[in-house]
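What follows is the residue order along each chain.
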Amino acid sequence: MNDLANKALATADRAVVVTEALTKQFGDLVAVDQVSLVIREGEIFGLIGPNGAGKSTLIKMLATLLPPSSGGGTVAGYDIVRQSAKVRGRIGYVPQLLSADGSLTGRENLLLSARLYCVPHAERAGRIAQALASMGLTDAADHLVQRYSGGMIRRLEIAESMLHRPAVLFMDEPTVGLDPVARETVWSHVRELCATFRTTMLVTTHYMEEVEALCGRIAMITRGRIAAIGTPAELKAQTGPGATLDDVFAHLGGAELESEESYRDVQRTRRAAREHG
Amino acid sequence: MTSNAHAAPPASTAEIGFGKPILDFATQILAVVGAELQKLRHDPWELVTRAIQPVLWLLLFGEVMAQVRGLSSGNLRYLDFLAAGILAQSVLFVAIFYGISAIWERDLGVLHRYLVSPAPRSALVIGKALSASVRGLAQAVFVYLLAFIVGVEVDVHPLNILGVVAVITLASGLFSTLSLIIACIVKTRERFMGIGQVLTMPIFFASNAIYPLTLMPAWLRVVSSVNPLTYTVDALRALMLTKGVSEYGLPLDLGVLMVTMALLVTVAARMYPRMVI
Numbered sequence: 001m002n003d004l005a006n007k008a009l010a011t012a013d014r015a016v017v018v019t020e021a022l023t024k025q026f027g028d029l030v031a032v033d034q035v036s037l038v039i040r041e042g043e044i045f046g047l048i049g050p051n052g053a054g055k056s057t058l059i060k061m062l063a064t065l066l067p068p069s070s071g072g073g074t075v076a077g078y079d080i081v082r083q084s085a086k087v088r089g090r091i092g093y094v095p096q097l098l099s100a101d102g103s104l105t106g107r108e109n110l111l112l113s114a115r116l117y118c119v120p121h122a123e124r125a126g127r128i129a130q131a132l133a134s135m136g137l138t139d140a141a142d143h144l145v146q147r148y149s150g151g152m153i154r155r156l157e158i159a160e161s162m163l164h165r166p167a168v169l170f171m172d173e174p175t176v177g178l179d180p181v182a183r184e185t186v187w188s189h190v191r192e193l194c195a196t197f198r199t200t201m202l203v204t205t206h207y208m209e210e211v212e213a214l215c216g217r218i219a220m221i222t223r224g225r226i227a228a229i230g231t232p233a234e235l236k237a238q239t240g241p242g243a244t245l246d247d248v249f250a251h252l253g254g255a256e257l258e259s260e261e262s263y264r265d266v267q268r269t270r271r272a273a274r275e276h277g
Numbered sequence: 278m279t280s281n282a283h284a285a286p287p288a289s290t291a292e293i294g295f296g297k298p299i300l301d302f303a304t305q306i307l308a309v310v311g312a313e314l315q316k317l318r319h320d321p322w323e324l325v326t327r328a329i330q331p332v333l334w335l336l337l338f339g340e341v342m343a344q345v346r347g348l349s350s351g352n353l354r355y356l357d358f359l360a361a362g363i364l365a366q367s368v369l370f371v372a373i374f375y376g377i378s379a380i381w382e383r384d385l386g387v388l389h390r391y392l393v394s395p396a397p398r399s400a401l402v403i404g405k406a407l408s409a410s411v412r413g414l415a416q417a418v419f420v421y422l423l424a425f426i427v428g429v430e431v432d433v434h435p436l437n438i439l440g441v442v443a444v445i446t447l448a449s450g451l452f453s454t455l456s457l458i459i460a461c462i463v464k465t466r467e468r469f470m471g472i473g474q475v476l477t478m479p480i481f482f483a484s485n486a487i488y489p490l491t492l493m494p495a496w497l498r499v500v501s502s503v504n505p506l507t508y509t510v511d512a513l514r515a516l517m518l519t520k521g522v523s524e525y526g527l528p529l530d531l532g533v534l535m536v537t538m539a540l541l542v543t544v545a546a547r548m549y550p551r552m553v554i
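Those protein sequences? They're chains R and E, same order as listed.
Following my numbering, the numbering of the first sequence begins with 1 at its first residue and continues without gaps.
Following my numbering, the numbering of the second sequence begins with 278 at its first residue and continues without gaps.
One should not assume that every hint holds.
What the hints assert, rightly or not - For the chain R half of the interface with chain E, some residues (derived, Cβ under 10 Å), not all of them:
(1) I91
(2) L97
(3) G102
Hints were generated in silico from the structure; no laboratory data involved.
The C-beta atom is built at its ideal place from N, Cα and C for all residues, glycine as well.
Model the full structure from these sequences, guided by the hints.
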């Protein structure tokens, strides 16, 4: 794995996310185990793997929500431990759970983000209007978010996380609980954003067709470790002739499918799915 | 700022205004308070329903206890004496359960959105405290109205009103920040409810809210002299009532409240990010 990471680093025009032996332990459980990874500017990088494999924990460490147990990393050039506030100023994060506030309108949610990120006052109204328009939410801007559909909420959350033009956008299962049409709408907006702002994106998902359509490179995580990394085509070729990404997933992560996914994880995922659905 | 070995320097499009930290700090506090105000505007009924409790205390408890000789304090009628106490109590009751909304936000995912923003944790905590103050001030409006109706001799001098606003802002902020700290420790709503109930009783009864300290046994007087609610009530009594006098003096009252608030904010700012886990 390190060879691949080094190769990526060597060929990188700009590395935006770099981790070195990044590790997170919760008591005896090693949730993320010595993950070393390089993601280049403009890449859409997918993290796949069974529930409880450590994808969310990895993203939370990169987003500075969780301190690593050992190892480290940089995001947008800043150290995720020592310069966490600087990192937070340069990233967007769309959590798996519901993060838009249902008792505010879409516009108010965007204003909240604009203020938290200190978007210059003169640019606020313009950026909010533009964000609403680009996400197809202009008509619903002044409705309470609790009346939004799941897809609309996700689009709003992505708009919120992009208002300050982050260098990296982290998205943790952004399409969980959405119907296929809503999923496609979310992704088409995401692709557009990435193209417009050259945003680097790190995304986790369970939908292999999304990975295939969206991601330039993917890493398969099992038991907190990178089991495989490369382009979708490379991973399929490694698994066997005619293999699909589902096969890759089953091959590398199959044994984990009945793994120790905690009750709380399930509860949270279901709640998120319900809120978004 | 330490340089780092392996990642590219931040893009030149960095737009977070770190150059004007105080203005940004204020904007980030405003972000939190502004969102709270917008929520209350969408659903003001919460404020009205919360006003029922102080009404009951003043009308039921107050009218009966006013008949008990020996309860009157100094030159004040008991109902006047009680009015300031009930104002402080209603502020306390609203603020002490405020932490539950933080747990609720954690469970939903909204907390992640705040914590992943570059806003200093102290700005978030102060924003939360001031949000509670807004609710406390709304309570004060109801208590004042009621006080007029039952004939309490209320001082309406603008400076006194301003003083009451300051004391309630501080007291609400103080008790809600204490509540936030407890929320960070217990982490679940069920446990919080239990602790909240247990806390309210001693804070309320070991204070001068509904009877003068002179009625207390010596040990209880010691307890109440380290109770911030005692200083809140003392200040409110002096500011709210035409014949009210402060036992400790307003500078000491305000000093105690401000120092306690500063301490609690410092602690809460350290603990708040740990709620994510």
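We went through each hint and held it up to the structure:
no., hint, in the structure
1, I91, "holds (7 Å)"
2, L97, "holds (3 Å)"
3, G102, "holds (8 Å)"
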